[in-house]
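Respectively, the protein sequence lines represent chains D and E.
With this note's numbering as the guide, the letters of the first sequence map in order to residues 1 to 282.
With this note's numbering as the guide, the letters of the second sequence map in order to residues 1 to 273.
Be a bit skeptical, because a hint or two may be false.
Said to hold, decoys possible - Partial selection, computed: residues in chain D whose CB lies under 8 Å from chain E:
(1) Arg16
(2) Leu54
(3) Arg55
(4) Val180
(5) Gly183
(6) Gly184
(7) Pro185
(8) Ile187
(9) Ala189
(10) Ala190
(11) Met194
(12) Gly213
(13) Val214
(14) Glu215
(15) Asp216
As the list claims (entries may be wrong) - Label-pair restraints from in silico Cβ distances:
(16) E:Leu250 to D:Arg268: 30 to 36 Å
(17) D:Asp246 to E:Ala232: 56 to 62 Å
(18) E:Gly198 to D:Asp246: 43 to 49 Å
(19) E:Lys255 to D:Arg71: 38 to 44 Å
Since the hints were made in silico from the structure, they are not lab data.
In this text, all values refer to a predicted model and were calculated from it rather than measured experimentally.
Here a beta-carbon is modelled for each residue, glycine too, at the ideal position from N, C-alpha and C.
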Amino acid sequence: MAESVCRARLVQFAPRLGAVEANVERHHTALAAATEAGRELVVFPELSLTGYYLRDLVSQVALTPESPALRGLAEASRHVDVVCGFVEESPTCDLYCTAAYLSEGQIRHLHRKVYLPTYGMFDEGRYLSPGSELRTFPTRWGPAGLLICEDLWHPSAPYVLSRQGMDLLIAISASPLRGVQPGGPEIEAAYARMLDTYAMLFQCHVLFCNRVGVEDGVTFWGGSRAFSPLTGERACAPLLEETYLDVDLDRSDLRTARLATPLLADERFDLTLRALEKISRE
Amino acid sequence: MSELALDCELVTQVLERFIREELAKFGFAKGVVGLSGGVDSSLSAYLAARALGAKNVTAITMPYKTSSPESEADARLVAETLGISLLRIAITPQIDAYFERFPEADKRRRANKMARERMTILYDQSAALGALVIGTSNKTEALLGYTTLWGDMASAVNPLGDLYKTQVRQLARHLGVPERIVAKAPTADLWPGQTDEGELGFTYEEVDRALYWLVDMRLRPQEVAAKGFSEAFVKRVWNMVRQSQFKRRLPPVAKLSRRSVDRDFRYPRDWEA
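My request is simple: use the sequences and hints to build the entire structure.
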């Protein structure tokens, strides 16, 4: 039976670029403070152990799931569940942008970023390999799904997770600021609109943790958020500042929303699947 | 103008953090700004003072004998308003000594030499002060190539490089740069009566809008013309952008080895570990 309330904390911070040891230390400090404060789930941003704009540093900062850094964080997850981001090196030397879910001393799930933006200001496909799986995994608060930044821009990704019963979507991000016309960053408005819509349509809670700081002139905007399928945006962290955002997610929101509007129950998955198969054969 | 309107408060916060963090990563807390008394360098000085604290910013004004006294007075006004120290280093002796040997040098050679002379002074003084050079080049002049390579373009960090000239004015007004500086005709001040817009043959209002549609919004020149510009003007602007591309890139390295600097040796600038 899933627990009724998830006491989550989003840690909006600026990882140091390429300084894995310092970043691991930062994670442990934040985890100790969160445990002390009675939080149950702590979410760090995309590539929280390494920083974002790595380029040729990727191979230097890559970790295996068995590395002391990840084992140490898994150890800390005996007290509090953890989501963090790192560069993962596979046994065949492929490099991935990975998010880990750690709980009760174990790595419970790894999500390898499926969509690597390689256009405009982004160059991820040059340095990293794309993941090829979208799976939910069990948590104390029901099935959860992990997505990383660009994954979110493809609604098929949360759709596939939703079909596996996702109650909680955890999205981690290193989203660069752009668009500074009056009324706040263009990119922040886009994310807020998208995530609010996902919470509403996939009838799940959404946690979004975005980093801050500056790397090579690029500013990451922060503005981490939580959404409920029932009440929309629940909490929002300030732009640009290192901070954390505490939010308690109540499972009863899921039940109320789903009973009022049974979108998930009514979803014609068989129809969707047949239609997609037909398109793919054409 | 509305497409170029800024969220000035947000941009200020971003640029303050940018200056502070990019300096801190290299172990610096101080900056030097070449202060001409124009709106670009005044804005850089304002942002630097906010980001680093007035005591950590040194402005350097580097007049030549033909520079207008009003420019220097405006530079002094900015320094006094901000409470930052102002160093005056005239470049007349070394410029004149050099061109005594080359009296035939035209205006362009003299202008570029002065811009590069000022650059060497900024870099030398930054070393003396334990500071980094904070840039003053805006996006309009970088895109048009209306700038001296290794001269006024040179800096350690450039907070204005993604702001068009008209956006520089917006932000300057927002931060309280004196109106007489914001409103005066932009000039490189290399000879009496010189103005940017006189030399370029169009206004910053016009060219910034055209550049916005060409560069930021990726419209084709004929689509931009349909927005109310003459086709010849748009073509001329786009040609200026194309012909000055070399000023926005490091010189090409002849590829020989397995891994060459800046081709397949690709590390971030902010390389800490």
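Tested hints:
no.	hint	verdict
1	Arg16	6 Å, holds
2	Leu54	7 Å, holds
3	Arg55	4 Å, holds
4	Val180	5 Å, holds
5	Gly183	7 Å, holds
6	Gly184	6 Å, holds
7	Pro185	7 Å, holds
8	Ile187	12 Å, violated
9	Ala189	12 Å, violated
10	Ala190	15 Å, violated
11	Met194	20 Å, violated
12	Gly213	7 Å, holds
13	Val214	4 Å, holds
14	Glu215	5 Å, holds
15	Asp216	5 Å, holds
16	E:Leu250 to D:Arg268: 30 to 36 Å	56 Å, violated
17	D:Asp246 to E:Ala232: 56 to 62 Å	60 Å, holds
18	E:Gly198 to D:Asp246: 43 to 49 Å	59 Å, violated
19	E:Lys255 to D:Arg71: 38 to 44 Å	42 Å, holds
Hint check: violations occur at hints 8, 9, 10, 11, 16 and 18; the rest are consistent with the structure.
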